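Protein sequence lines, in the order shown, are assigned to chains L and U.
When the count follows my numbering, it moves up by one through the first sequence with no breaks and lands on 115 for the last residue.
When the count follows my numbering, it moves up by one through the second sequence with no breaks and lands on 115 for the last residue.
It should be emphasised that the hints constitute simulated quantities derived from the structure, not laboratory data.
Be a bit skeptical, because a hint or two may be false.
[Stated by the list, open to error] Under 10 Å between C-beta atoms, here's a sample of chain L residues computed to sit facing chain U:
no.: 1; residue: ALA2
no.: 2; residue: GLY3
no.: 3; residue: GLU44
no.: 4; residue: SER73
no.: 5; residue: PHE74
no.: 6; residue: LEU98
[Stated by the list, open to error] Derived lysine-lysine pairs resembling BS3-like cross-links, with alpha carbons at most 25 Å apart:
no.: 7; chain 1: L; residue 1: LYS78; chain 2: U; residue 2: LYS110
no.: 8; chain 1: U; residue 1: LYS69; chain 2: U; residue 2: LYS42
no.: 9; chain 1: U; residue 1: LYS68; chain 2: U; residue 2: LYS58
no.: 10; chain 1: U; residue 1: LYS69; chain 2: U; residue 2: LYS114
no.: 11; chain 1: L; residue 1: LYS24; chain 2: U; residue 2: LYS42
no.: 12; chain 1: L; residue 1: LYS24; chain 2: L; residue 2: LYS78
Every value quoted in this text rests on a predicted model; they were computed, and no experiment measured them.
For each residue, glycine too, the CB sits at the ideal point set by N, CA and C.
Here is how the chains run, residue by residue.
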Amino acid sequence: DAGVIQSPRHEVTEMGQEVTLRCKPISGHNSLFWYRQTMMRGLELLIYFNNNVPIDDSGMPEDRFSAKMPNASFSTLKIQPSEPRDSAVYFCASSLGLLAGETQYFGPGTRLLVL
Amino acid sequence: AQSVTQLDSHVSVSEGTPVLLRCNYSSSYSPSLFWYVQHPNKGLQLLLKYTSAATLVKGINGFEAEFKKSETSFHLTKPSAHMSDAAEYFCVVQIYGGSQGNLIFGKGTKLSVKP
């Protein structure tokens with residue numbers, strides 16, 4: 001039974017380049033979350049979707065960040081243009097829904113380094 | 001507003017001795033609480049969760065946590081540490097209300113296990 005799948009696992013890019021991170025949630029899960037983890041700020045929720053619809057994007061740092069979920073089995077997080085301060089580990093998580101106590105299952109993360 | 005405080009950023013124990021990782025929460029409602037573990041360069045894995053059922057919650061790998069409403073605590077314990085328990089542990093509270101489904105993460109406690 002596959003868990004949450006993220007690609008790529010590692011990404012090194014230069015400042016100003018576009019970066020696209022990909023996520024495949026667990027089949028049957030209706031909610032998808034994007035998080036960012038840094039030493040300074042810990043784990044932060046960026047955006048989450050329910051039934052492919054963005055519910056709350058208040059955690060997205062600025063307009064350079066965008067996320068889409070075109071269907072129930074795929075989501076992307078795009079950074080354009082990228083900056084060195086975007087270097088972090090980006091996690092995708094999915095859950096059955098948004099009910100109280102619902103468990104979120106995390107992917108292995110994408111480690112992004114912007115030079 | 002909901003929040004969570006992990007009282008120790010780093011805990012060091014010897015193999016075979018008990019583990020105690022402390023967590024206090026703040027919530028206007030009866031909370032859902034979680035403990036996640038993150039091994040180096042890995043994603044987050046759910047250890048256990050409390051969702052207003054039994055106050056003593058048993059999780060994977062011999063861990064358990066007790067919900068104490070009077071103390072607003074949800075400390076994680078294990079009777080005997082194993083080398084493989086060395087990891088970072090996150091206490092998490094679930095938000096209710098307008099952003100239902102969101103998780104608020106503590107800053108993490110890094111557990112070291114000495115041979």
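Status of each hint after checking the structure:
no.: 1; hint: ALA2; in the structure: 13 Å, violated
no.: 2; hint: GLY3; in the structure: 8 Å, holds
no.: 3; hint: GLU44; in the structure: 8 Å, holds
no.: 4; hint: SER73; in the structure: 19 Å, violated
no.: 5; hint: PHE74; in the structure: 18 Å, violated
no.: 6; hint: LEU98; in the structure: 3 Å, holds
no.: 7; hint: LYS78/L x LYS110/U; in the structure: 31 Å, violated
no.: 8; hint: LYS69/U x LYS42/U; in the structure: 32 Å, violated
no.: 9; hint: LYS68/U x LYS58/U; in the structure: 15 Å, holds
no.: 10; hint: LYS69/U x LYS114/U; in the structure: 33 Å, violated
no.: 11; hint: LYS24/L x LYS42/U; in the structure: 17 Å, holds
no.: 12; hint: LYS24/L x LYS78/L; in the structure: 15 Å, holds
The earlier numbered hints that this structure contradicts are 1, 4, 5, 7, 8 and 10.
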